[in-house]
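Q: Sequence:
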Amino acid sequence: MARKKKKGRKWYFKLRDKYRLVIMNNETYEERLSFRLSRLNVFLLTVSLAIVLVTLTIFIIAFTPIREYIPGYMDVSIPGKLYRLEQRADSLEKALRAKDIYLYNIRSIIEGREIADTIVQELDTGMSYGNITIESSPEDSMLRAEYDAQTQYNLFFYESEDLYDGTIKLSDIVFFTPVEGIIINRFNLVEKHYGIDLATSEESTVNSVLDGTVIFSDWTTETGYTIAIQHGGNFVSFYKHNSVLLKAAGSFVKAGEPIAISGDSGEFSSGPHLHFELWHNGTPVDPEEYMTF
Numbered sequence: 007m008a009r010k011k012k013k014g015r016k017w018y019f020k021l022r023d024k025y026r027l028v029i030m031n032n033e034t035y036e037e038r039l040s041f042r043l044s045r046l047n048v049f050l051l052t053v054s055l056a057i058v059l060v061t062l063t064i065f066i067i068a069f070t071p072i073r074e075y076i077p078g079y080m081d082v083s084i085p086g087k088l089y090r091l092e093q094r095a096d097s098l099e100k101a102l103r104a105k106d107i108y109l110y111n112i113r114s115i116i117e118g119r120e121i122a123d124t125i126v127q128e129l130d131t132g133m134s135y136g137n138i139t140i141e142s143s144p145e146d147s148m149l150r151a152e153y154d155a156q157t158q159y160n161l162f163f164y165e166s167e168d169l170y171d172g173t174i175k176l177s178d179i180v181f182f183t184p185v186e187g188i189i190i191n192r193f194n195l196v197e198k199h200y201g202i203d204l205a206t207s208e209e210s211t212v213n214s215v216l217d218g219t220v221i222f223s224d225w226t227t228e229t230g231y232t233i234a235i236q237h238g239g240n241f242v243s244f245y246k247h248n249s250v251l252l253k254a255a256g257s258f259v260k261a262g263e264p265i266a267i268s269g270d271s272g273e274f275s276s277g278p279h280l281h282f283e284l285w286h287n288g289t290p291v292d293p294e295e296y297m298t299f
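Per my numbering, residue 7 is the first one in the sequence shown, and the count goes up by one each step.
I should point out that these hints are in silico values taken from the structure, not numbers from a laboratory.
A couple of the hints might just be wrong.
[Unchecked claim] Simulated crosslink set (DSBU-like; lysine-lysine; CA at most 30 Å straight-line):
no.	residue 1	residue 2
1	K16	K87
2	K87	K100
3	K100	K253
Please build the complete structure, drawing on both the sequences and the hints.
A: Next up, the structure:
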């Protein structure tokens, strides 16, 4: 009766039945190791080992370079490279934007337009500046207003072509003042000083006195950055000791158009000023006889 009762036990009760695992010598039958086990202990041990192995495998794949050999995983260094490339692209974009503003301001100086602090709209392809919206600083607006107030009475009652065909008398020619400044050295043929020196602030705008064509625009050892313009009526004007030249040889300029920035270049210069010469029919003339400084 007891045997039938024991035989009828449920399987989950049998999980706790104890068994003895013995390791012995095959020749001497000497017992070396023995373990008391149950089916439940063996099952739990197997499950634990499986969990440890799975966890270890996931850790190795996720945090070691071994995962690069598994299809679908990328190189671990790629995110870092992408980040550095993004930083460089951002720096290049800022440098390009600054260069665009610089080129636009140079063109604005040449054409007499407002100088931009920032460019709001994106530049068109092909370096077109026609659709640019600019933001001007208050200082630039004040400077432009002052410039307009000083030059609004510079009236020209003739066309530039009239200077070349001889229909305009020399007394009727109105010369534009090259730069605003104080005369510190006057015209003197005896001392071979063929022009006048005008003391001016650094980086002042130098303007063309008449319409004409630039015949020289380059650096010389004695006079630094020099520009010369051929005008109608056999006039030639020279502007010496500049810091920057805004026009190249062969360019056509209008009276009052910016052509250079004053400076202190050349061996013959002893301070920021403009040396201005005016020649007529191949002979130097006193600029003060033709214009008021």
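Q: For each hint, tell me whether it holds in the structure or not.
A: The hints, checked one at a time:
1. Between K16 and K87, the direct Cα distance comes to roughly 63 Å. Violation of the 30 Å bound is thereby established for this hinted pair.
2. This hinted pair checks out: K87 and K100 have alpha carbons roughly 20 Å apart, not beyond 30 Å.
3. Our distance criterion of 30 Å between C-alpha atoms is met by K100 and K253, whose separation comes to about 28 Å.
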